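Go by the hints and put chain B onto chain A.
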Amino acid sequence: MTHMNNQSRVDRRSWLKGAGVSLALPLLDSVGWAENRGQVAKPPVRLGFMYMPHGVIMDEFWPKSPEAFLKSPPPAIRSLGPVLDQCLMMKGISGVPISPFNGAPHALELSTWLTATLPDADTRSRVNIAISADQIMANYVGAHTSLPSLELATMPQTWKENQEGLHEAYYSHCSYRSPTQPVPAEIDPRNVLNRLFGKRGKSGRVTPVNPLDRQMLDKVLGGAKDLRRTLSRTDQRKLDEYLDSVRAVERRIAAIVYRQKEAALEKAGVRSAKRNASDSPPIEVKIPLGDKRSEYMQVMCDLTVLAFQTDTTRVSTYIGSTPNGVTYPELGFTDQHHSQTHHNNRKEMVRKVAAITEFNIAQFAYMVKKMHSLKEGDATLLDNCIMMWGSGLEDGNRHQRHNLPFIVAGKGGGSIRTGRFLPNTKGNQGDLLTTLLACAGVPLDRPIGIATKQLNEIKA
Amino acid sequence: MHPTRSIPRIARTVSALGCVVVLFFGTRGWAQVGGVGPDEAALRADARKVFKERVEPFVKRYCTRCHGNRAKAGINFLAALKHPGGASSALQWKKAVANVKVHDMPPDGAPRIPSDEERRKFIEWVGKIKYLSPRDPGPFVIRRLTKVEYGNTLRDLYGVDPSIADRLPDEVFGEGYLNSISPLQSELFLGIADDVVNQVVAPEGKAPTAIQKRLFGEAPPKGADLRKAARRVARSLARDAYRRPASEAELEVLVDVYDLAKANKLNHTAALGLMLKAVLVSPQFLFITPAGKPKSSEPIVRLDDYQLASRLSYLLWSSPPDAELSALADRNELHKPEVLRAQAERLIKHPRARALFDGFGAQWLGLSELERQEFDPEMFPQATPALRRAMVEEARLLFESIVRENQSVVRFVDSDYTFVNGPLAKLYGLEQDVQGTEMRRVKLNDPNRGGILGMPATLAATSFPNRTSPVRRGVWVLEKVLGERVPPPPPDVPELAEQDSKQVEGLTLRQRTELHQSDPTCANCHKVLDPIGFGLENFDAIGRWRQKDDAGVAIDSAGKLPSGKGFSTPAELKRLLADRKADLARNLTERLMAYAIGRQLEGYDEIVVDRLMVKIAQDNYRVRTIITEIVTSYLFTHRRVKG
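Which chain is which? The protein sequence lines are A and B, in order. If you're matching positions, the first sequence starts at 7 in the numbering used here and goes up one per residue. If you're matching positions, the second sequence starts at 1389 in the numbering used here and goes up one per residue.
Hints are not guaranteed to be accurate.
[Claimed, not checked] Capping the alpha-carbon separation at 25 Å, the derived lysine to aspartate or glutamate pairs in DMTMM-like fashion look like this:
1. B/K1650 - A/D232
2. B/K1683 - A/D246
3. B/K2030 - A/D250
4. B/K1681 - A/E247
5. B/K1915 - B/D1938
6. A/K432 - A/E463
7. B/K1969 - B/D1802
8. B/K1489 - A/D128
9. B/K1601 - B/D1613
10. B/K1650 - A/D246
11. B/K1683 - A/D232
12. B/K1737 - B/D1710
13. B/K1509 - B/E1428
14. A/K225 - B/D1613
15. A/K375 - A/D91
Calculated directly from the structure, the hints in this document are not laboratory data. Note that this is a predicted model, so its numbers are computed, not measured.
Pulled out of the complex, with its shape left as it was, chain A reads as follows (with noise of 0.2 Å):
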């Protein structure tokens, strides 16, 4: 119900040609500034998920086996047709039990998504769970980018339903940076492209980061530990998620500076990148004037592509829809997402549903097709990726779990052993999102959530 009218309508001048953001070029090291000026590194290893709430009509989802996967794909993934064999897929990933939540359901599928893990029972009225895989993943690589992680989504996480007492941003985040800290998304991509490359005056060139303002940040902060001993032991908490948020402002600033240095030295004719001649050149991102949904959901994988393709992040969030009212008037279809999936096997329900789910496959489509045709040292930009779709249920008809729906897309720098469908999975989404991890390059002290091993069946 909440589309983007708004958001997304901007004049004809903010055409973003692809000039206008190169200024965040040529950086694509594997352990950005502090690497030795002259030699190429490898390319880093980037992580994206993309989300659909309610489920998926499992005929037209699941290969009918692993030789149809390539062969006869079904419909649901048709869209991804010539980079199918940079897809995998695997069937019998469960979902977290919710019990007990059993009543709430659409806030369980998003929350526990990237956090394998159920809210805190006991004080369920505030946020209480566990930090997200992408988070995980920012913690560990985000000092390498001007942006740790970037957070997107379609709709406005503002919807309020009560489900099992259960507070309402369960309801419209994935991203958790700590357990009592839901990550809120961006929904506005001239924000996000500003957030990306720098903000823009009024003669459209990138108003330069002041490298005083991260002094300045440090003596508030400074300021701020003073303040803290005086506080009692919870507001001191509630600082200290304060103080965590502005040291990665420092940081970005930090980082911001040291490319501008870069820039500055390119353009005087210093060799500094250690970007391989052969690379693709970024790629132009043009913010829509209409409300077409597919058009909007479009600007949001060109900006991810760009930030991964240009090194300014490495992780990143896409919720595509939020479990709640959301319609499709561009398909047609003025009635909920939501009401669709109960559809009792009713025919003109199911092919709703259907739908839906082509659509949201087909923008992931539309994101990794433009991925793998972008060209990054010896390989192209997706085989140094890991995207990965799906949903939080397997079927929302009756909020089953234990075959969530997933697609991964990119070989993960040669982690992950692409072009094939896995139809006896044995494992959990934490399994999951530890493997990815793992694949990325994240050493993890401790299992995801309900995870307990590696599916060392979906690795290279």
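Frame of chain A; chain B shown alone:
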């Protein structure tokens, strides 16, 4: 319209064991107003005795075999028996009451089953557990300004347009709002601080802006001690922005920033600009923080007057304290009950008090999303954004008139006037009387209209894009108007649309909905919900009056409340609800209290609210009295700093 922060839910009965009826019309269970004397000690002693001699034996006899050492269906009495008055035990007791009340527990086949009399007694005994809660204003944590509060604060202090904060993510409304902060928000706070400084401080060589002069004073004469001047500016900037005097250490930080700027060759004005930016990203600005460490070592202290001024001002205005409130805080007079009450009245009468609807009223009535709600464009082409805005505006104007004119809470349900503009008047059939886009107060002659039950905003907000939802409307009336607890449906129950199509062929919406009642897992709740919802079925999905439904069948809006009282039109339903003054008032009081203190009510809170209700009843449930009682209450004026 963005709600500033959310109305926390009142602790509600949640059933993990299926759809259990906890909807007892006419009684509020354990919230009896009578019998609450001033002698808390005696009540506590009695409660302790009742717990030991009655509740504990009952639980051990009937419950702990399953709900003892482990949580079954989310209920575990082990901790609750140890700490019956603890906040986390409250949920266990509520669930216990709900399930015992409707004979859902103990289950059929259990070795021992309590008699009806025992059940009734158990519910009564559990009602006393609240007296075990020690006198306690509840958990307290410093809170961040919400997006709306932050924008308003920048407007008040620096004369910028509050839309400067539009880039921030919208707040998530939950229990309290989501009082957290992420790197994205911090980054945006820094960017917005930049914008503020750029708007306030004129570029070098240009004449200073008026606000710049107010903030920084006149340029110091040549040879003056600039650092000293900077310290003076820091003191006054911080007094406004931190909403309390800054400590010497806090001033030191700001002067350090000034020095940093000077060391980097910025001139005096630009250095003050950087200092202002530092103020705007400081936690003392972004959060409402206490003025220093509490002097006593008590675990519970009174809010200092500065905190109290902020709490009051952000509650009623979503804006920082004005000069009068600040002066009272400086003189340490604000906490005096008569002063505090007078200030609350003053703030309520000010036009800024519209923030109370935007922040509280819209969420209470469930209208926060109406402007973004979608309607089927073919069935309801008139449901344009402008019309939906007008709907919300109508609700706001009614809310404001009731508060400002200090009317009884009953007016929310039953009023003979409303506010409409031309497009909205069409929904009422009043297009002859009102034209144009401006909202106007009109008298209503149709008893079906008037009040939140017969208002397009609430009727539309509770509908689907293409039809009404009597179930949603029933839930809305029970929860939002009467403050009852409606448990969620059991998992995996098909919605109406997915019922077996053969079974429902040829049935009206009412008959189809009533199918719920033939299923025992659904019947208990739907027996209560559905008649209320159908009582409003004469209003379509955008609030127009109709005699026939979409299929052309005459609407049957007759029904009965569980109390047995019948109604046959929306007007009669309204009248029945309007008679329940005490329930209407308690609901509003609890919700507003929860919003005011930013958390859900539990334990000792109930005792405080019980007491407020006595005074509120004496004043015939007037809304302004509800507000002033809340802001002068123990819960609003105290905080726990330890334990």
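Hints versus structure:
1. B/K1650 - A/D232: holds (24 Å)
2. B/K1683 - A/D246: holds (24 Å)
3. B/K2030 - A/D250: holds (24 Å)
4. B/K1681 - A/E247: holds (20 Å)
5. B/K1915 - B/D1938: holds (24 Å)
6. A/K432 - A/E463: holds (10 Å)
7. B/K1969 - B/D1802: holds (11 Å)
8. B/K1489 - A/D128: holds (23 Å)
9. B/K1601 - B/D1613: holds (18 Å)
10. B/K1650 - A/D246: violated (30 Å)
11. B/K1683 - A/D232: holds (17 Å)
12. B/K1737 - B/D1710: holds (14 Å)
13. B/K1509 - B/E1428: holds (22 Å)
14. A/K225 - B/D1613: Cα-Cα ~23 Å, so holds.
15. A/K375 - A/D91: Cα-Cα ~11 Å, so holds.
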